[in-house]
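Visitor: Chains as they are written, first to last, in UniProt numbering: chain A, 1 to 324; chain B, 1 to 391.
Don't read these hints as lab results, they were simulated from the structure. Be aware that one or more of the hints could be misleading.
[Unchecked claim] Computed cross-link-like contacts, DSSO-like style, restricted to lysine-lysine with a CA-CA straight-line distance of at most 27 Å: (1) Lys153(A) with Lys18(B); (2) Lys162(A) with Lys146(A); (3) Lys20(B) with Lys117(A); (4) Lys146(A) with Lys199(B); (5) Lys196(A) with Lys46(A); (6) Lys135(A) with Lys10(B); (7) Lys46(A) with Lys10(B).
If you want the building blocks of each chain, they are given just below.
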Amino acid sequence: MPENTNNKRMFTIWQTAAAVIAGVQREKTDEPVLDVAHLTKSFGTKTILDDLSFHIESGEIFGLLGPNGAGKTTIIRIILDILKSDHGSVKMFGKVFDEAFKERIGYLPEERGLYQKITVFECLKYFANLKSVKKPDDRIDFWLEKVGLIDYKKRRVSDLSKGMQQKIQLASAFIHDPDILILDEPFSGLDPVNTKIVKDIMLDLKHDGKTIILSTHQMDQAERMCDRILMINHGKKVLYGTLDQIKADYRESPVMVVEYEGDLKPIDGVTGMEDYGRYAELGLEMGTDPQEVLKNLMESVKLRRFEMKSPSLNKIFIEVANVA
Amino acid sequence: MLPKTLVVAKHEFLATVKTKGFILTLILPFIILLPVMFTSGYVMQIATDSPRNIGFVDETGILQPDGIFTRFEDIGDAENALLNGEINSFITIPPDYLKTGRVFLYRTGGFFGSAPTGLIEAFLIDNLLRDSDVDETLSDRIRCPVDMEQITLNEKGEVEEKQAVQFLIPYALAILMVLSIMTTSGYLMQGIVAEKENKTVEILLSSLSPDELLTGKLMGFGSAGLLQICVWICSGMLVVSLTSLAGIFQEIQISLILILAIPYFTLGYLLFAGSMACVAAPASTMKDAQQGAMVFTMLAILPIMLLGVIIAAPDSTVARVLTYVPYTAPATTLMRITLTGIPVYEITASLLILTISVTVVIRLSARIFRNAILMSGKKIRIRDIPVYLKR
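If we strip away everything but chain A, and leave its shape as in the complex, we get (with noise of 0.2 Å):
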């Protein structure tokens, strides 16, 4: 067997080892990972968060979503203490949250960035060392095989492509094996390929018993990867709870899906309307009866398909943002 080969081996033994020591050092407890409550910023005049209380439980991926400048990203400022919250509180395993937390936090900002001059090592030495991680070196080989650039350790950070720094960034941010892992828009800029790769990531720490706070407003991702989600709009709660949950509160208002030929006009039932030319969806109003809305439809379009489902999280999304 090559020795690289074994060597990988028994990082792996040591990593899974590791991970075992710390799992059983670090406090067992059925208190939430993360309990906010009651949090309230301002920004001058302007009210950013109102009011905000919500859990996170141990292992799950919750989705935190919202518009632009809904206050996703201050609710994450808040949760690493690097802004202060006007009311509230936050709470990590059931303690009020101290500067010692942050070592066992992985965040990975939306607005990216790297030291462009040094090398990709030095770089990740560096967060490495900040978050008192013992063998820096081991920690960062593991990761950049894990994301396909271990050929790239020596070389300078500007000498990389955008995609590729990204994913050292990713590597930064689980550098230190995190308990929560707070990722803020972690597939914007992505191509399919590394998107796949961010994912798979995503779901192996998932599977050992990683919390990931997603925070997007891809709602198709957040839908295909979220236990929770808390959707936010204007700095106040709109929804949260499990996916099934708010689904169900929504299966009430279920959605049209036709792919047609011809001109789409206003039909009467249909709340909402995803014209995308050949393909839309049609919300439909509480009552509405499909079979009236399909005859409506017969006689402005030619119809080739339709399907009625649950709304997806895109849908609500947009309504509950239109309706706030």
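Chain A is fixed; fit chain B onto it per the hints.
Guide: Only chain B this time, still in chain A's reference frame:
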């Protein structure tokens, strides 16, 4: 495991000392001074050796040759001797010399050689006095009428003796102090703005507190600045010890200057760096930060602008006030020490005021840094500062 503040300090120190700009500022004194040291001896030799063999063509008949001056019968012979390197230069004395005083000096080109005017004047005076009735004492005075010594009185009427070159020392010290403080605090400002521009500051703040980050930066950049000033002082002392300037330093309280240079540099650096952090944290670009820092740059160079006043009257009210003003104290105090005996109470008061100012400025800068570091896309406005302080 290093505390996080030291991790930041180490990172900033190494990042700074590895830059080309920093390395250049370290070796620049050597680049400038070493060639001067090695060539100064050669220049001196040329300047002193070259006039030792001078020819003359005398059409008045009053001049006699001596150990330096050789007689030539005509210009042609003298020219040949000059071109063959037998003499360094020659003069011709026309028949109407006694009436006009006019002589002609012939010499070959040469970068370092200077006209041996003094030697020629002394040679002519010796020959003119040779057959006169003037006594020896008077003839000595005619040869050397002035041996001037400058005497400066302080405000109390006490005599202070100084050599002209000594005035260069306060000037050099002021420049050195201002340059190193401004360069080092400039590095800090650049570092803060660069991390805002490359968006790394938010990652850093997810690992440590803003206060730890600012403290680490102050320590890291400060250490780089201290290294810079130590290298400059050591290289300066090396140059001095190898040249004739050593004697001048014996008359100055050099040990006192060196003892005070470290606290004044450290406090001065913290004051300016803290002030720079106040303008760098809310700034979105380096240009914005530099505009905001202009006022501190002006304060830093004020002692240099008022150098003439300080040198002329180091115990004047202006010089004393500048000693107590925190932003001008480091350069002013070090200048004054070389020029006058500053009372201990003035130095103590100056250091005390500086320490209190540093404490206040660092606290303010930490607060502004904490509240404004994630701001972007806004110009620095003075009216926003209370807002940053309140948050």
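Visitor: Now tell me, hint by hint, if it's right for this structure.
Guide: Right, here's what the structure says about each hint:
| no. | hint | in the structure |
| --- | --- | --- |
| 1 | Lys153(A) with Lys18(B) | holds, 20 Å |
| 2 | Lys162(A) with Lys146(A) | holds, 18 Å |
| 3 | Lys20(B) with Lys117(A) | holds, 12 Å |
| 4 | Lys146(A) with Lys199(B) | holds, 24 Å |
| 5 | Lys196(A) with Lys46(A) | violated, 38 Å |
| 6 | Lys135(A) with Lys10(B) | holds, 18 Å |
| 7 | Lys46(A) with Lys10(B) | violated, 40 Å |
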